[in-house]
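Please work from the sequences and hints to get the whole structure.
Going line by line, the protein sequences match chains A and B. Under the working numbering, residues 30 to 193 are what the first sequence spells out, in order. Under the working numbering, residues 338 to 511 are what the second sequence spells out, in order.
Incorrect hints may appear among the rest.
Listed below are several chain B residues computed to face chain A (Cβ distance under 7 Å; list not exhaustive) [what the hints assert, rightly or not]:
#1 Thr-373
#2 Thr-403
#3 Met-442
In short, the hints are calculated from the structure, not lab data. We put the beta carbon where it would ideally sit given N, CA and C, even for glycine.
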Amino acid sequence: MTTTAVLTHDTVAVGDQLPVLTYDVTATTVVVGALATRDTRPQHHDFHFATERNGVRDIFMNAPNQAAWFERYLTDWSGPHGRLGRVSFRMHDSVFPGDTMSMAGRITGTSIDDVGCGWVEVDVVLQVGDRMCTTCAARIALPTAPTDNPWSRKGDQWQPQPQT
Amino acid sequence: MSTSTTDLPAEVTDLIGLPQYEEAGEFPVERGYIWTSCASVENANPLFWDDEVAADLTDGPIAPPTMLSTWFRPHHWAPGRTEQKLPLQVHFDLKKRLDLPEAVMTDNTIVFHEPARPGDILTTCQRLRSVSPEKTTKLGTGRFWVIDVEYRNDRGDLVGVESWTGFGYRRDNA
Numbered sequence: 030m031t032t033t034a035v036l037t038h039d040t041v042a043v044g045d046q047l048p049v050l051t052y053d054v055t056a057t058t059v060v061v062g063a064l065a066t067r068d069t070r071p072q073h074h075d076f077h078f079a080t081e082r083n084g085v086r087d088i089f090m091n092a093p094n095q096a097a098w099f100e101r102y103l104t105d106w107s108g109p110h111g112r113l114g115r116v117s118f119r120m121h122d123s124v125f126p127g128d129t130m131s132m133a134g135r136i137t138g139t140s141i142d143d144v145g146c147g148w149v150e151v152d153v154v155l156q157v158g159d160r161m162c163t164t165c166a167a168r169i170a171l172p173t174a175p176t177d178n179p180w181s182r183k184g185d186q187w188q189p190q191p192q193t
Numbered sequence: 338m339s340t341s342t343t344d345l346p347a348e349v350t351d352l353i354g355l356p357q358y359e360e361a362g363e364f365p366v367e368r369g370y371i372w373t374s375c376a377s378v379e380n381a382n383p384l385f386w387d388d389e390v391a392a393d394l395t396d397g398p399i400a401p402p403t404m405l406s407t408w409f410r411p412h413h414w415a416p417g418r419t420e421q422k423l424p425l426q427v428h429f430d431l432k433k434r435l436d437l438p439e440a441v442m443t444d445n446t447i448v449f450h451e452p453a454r455p456g457d458i459l460t461t462c463q464r465l466r467s468v469s470p471e472k473t474t475k476l477g478t479g480r481f482w483v484i485d486v487e488y489r490n491d492r493g494d495l496v497g498v499e500s501w502t503g504f505g506y507r508r509d510n511a
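See below:
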């Protein structure tokens with residue numbers, strides 16, 4: 030079995046930076062991402078449709094695939110014990126073939142909810158050079174101790190929305 | 338996002354808050370797509386590749402949570418189907434009803450509950466939450482709208498709720 034270190038809630042703090050991920054995006058990245066999410070809308074594989082109908086410079090990465098990139102980025106950091114509760118992202122600009130995208134995250138909040146689940150709030154920015162493409166606010170549960178497993182929580186013991 | 342009801346056709350305002358397109362996915366959650374998705378973003382999380390890790394942490398294989406919308410996207414083609422079935426049909430209905438030929442998605446929020454597991458067939462329900470007044474962006478002039486999609490598994494458990502913000506528009510120089 031693959032063994033991984035368990036990142037626990039008590040070892041992270043507001044202001045901590047996640048390691049930056051950079052990736053060279055190609056047309057294949059965009060098309061495979063669209064295919065993997067069963068998104069056959071032409072702006073994600075058809076150059077002429079994207080440029081002539083959407084008025085952008087090339088095909089571009091679709092939203093569900095960006096969600097998958099954010100998940101990969103967050104769980105690269107958290108390890109498999111990390112369990113996503115919520116992601117919310119806004120696409121300000123598109124990611125095109127030829128772009129080198131970078132993802133950078135910073136912890137903006139930590140808390141233990143009323144059922145004992147340890148939460149971490151992370152802001153992630155996806156940029157291409159100086160161009161900010163997507164901003165993402167994520168909420169991810171981390172174990173409160175090496176023996177804790179957020180995935181074991183069900184029903185009322187799992188509260189992925191912050192309490193208001 | 339504010340809801341404008343004053344300058345919208347009644348056929349649109351009447352849809353706000355109404356559950357629409359309650360339907361089951363056309364195929365079960367399956368591992369081929371799970372691996373294709375992980376490969377597309379080079380996600381090496383052992384939870385999706387190592388069955389022993391999955392057994393230990395999640396009582397067996399699960400799908401990456403962000404794959405939620407994958408499981409309700411219809412086949413590109415199916416026998417007997419004369420028109421392509423579209424995902425998020427409420428979005429395409431709005432484009433037609435508001436005569437806005439182009440559209441992009443701008444925001445996506447997903448709240449994750451029970452994990453989706455291989456073999457699950459998810460049922461979904463779409464709900465129009467709001468439509469904005471007309472706005473002009475660099476793409477053109479149109480409206481923003483928010484659509485919620487709720488996902489449940491065969492056992493009735495809530496798997497997730499996804500909110501999409503779309504911008505339907507007409508290119509200003511078109």
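Interface hint compliance - B:Met-442 to chain A, C-beta minimum distance less than 7 Å: holds (5 Å)
Does the closest beta carbon of chain A sit nearer than 7 Å to the beta carbon of B:Thr-373? holds (5 Å)
Return the status of the interface hint for B:Thr-403: holds when the least beta-carbon distance to chain A is below 7 Å, violated otherwise. holds (4 Å)
Checked against the numbered hints above, the structure violates none of them.
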